[in-house]
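K.L.:
Work out the full structure, taking the sequences as your base and the hints as a guide.
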Amino acid sequence: MKKRILVVDDEEPIQELIRVYLSPLNVEIYSAFTGEDALKMYEEMMYMGKKPDIVVMDLKLPGIDGIETIRRLLKIDPEALIYGFTAFSNSVWASRMLRAGARKVIPRSMGFTGLRDVIQEAIMRRSVLIQ
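For what it's worth, the numbering used here labels the leading residue of the sequence shown as 1315, then goes sequentially.
No lab work stands behind these hints: they were computed from the structure. Note that the structure is a prediction, hence the values are computed from the model and not measured. Beta carbons are placed, not taken as given, at the ideal position from N, Cα and C, and that holds for glycine. Not one of these hints is a red herring.
When the alpha-carbon atoms are kept at most 25 angstroms apart in a straight line, the in silico SDA-like pairs for lysine to any residue are as follows:
hint : residue 1 : residue 2
1    : Lys1364   : Asp1391
2    : Lys1316   : Glu1326
3    : Lys1374   : Tyr1397
4    : Lys1365   : Asp1431
5    : Lys1354   : Glu1330
6    : Lys1418   : Asp1391
7    : Lys1316   : Arg1430
Distance ranges between label pairs, derived from CB positions:
hint : residue 1 : residue 2 : range
8    : Lys1354   : Asn1404   : 27 to 35 angstroms
9    : Lys1316   : Asp1431   : 14 to 22 angstroms
10   : Ile1378   : Ala1401   : 13 to 21 angstroms
11   : Tyr1361   : Asn1404   : 30 to 38 angstroms
12   : Glu1358   : Arg1333   : 15 to 23 angstroms
13   : Glu1358   : Arg1417   : 21 to 29 angstroms
14   : Pro1327   : Gly1363   : 27 to 35 angstroms
15   : Glu1330   : Arg1413   : 28 to 36 angstroms
16   : Gly1363   : Gly1425   : 33 to 41 angstroms
17   : Lys1354   : Gly1415   : 13 to 21 angstroms
18   : Arg1422   : Tyr1361   : 27 to 35 angstroms
19   : Gly1363   : Asp1431   : 26 to 34 angstroms
20   : Thr1348   : Asn1404   : 22 to 30 angstroms
21   : Asn1404   : Ile1378   : 17 to 25 angstroms
P.N.:
This is the structure:
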């Protein structure tokens, strides 16, 4: 069964690049451009029995930022697996995302290949845990 990934980023070109780099992992990718949209989409997917296996979260979003979106997602689903992927990955912002509940913060400077490697590892670990 394909894993579902919810990508939350307000920049369409970034969304598209993430889609291109993650597509070889044989995953279903869903997109949200705001924190509010991400929360709504996550709840709807849970309701349909198709909750995302992984969420990739940007920090700077219109409306509520990535940190607050992480907090709210974890109230909806305390088991949500959320990874930060942001250009604002200095220690202050990264630690705020981690304190909010992100499993890891991947700096954009690692590139999209770095993101793919981290997500691939997370998918493999999650598959092992489920079996």
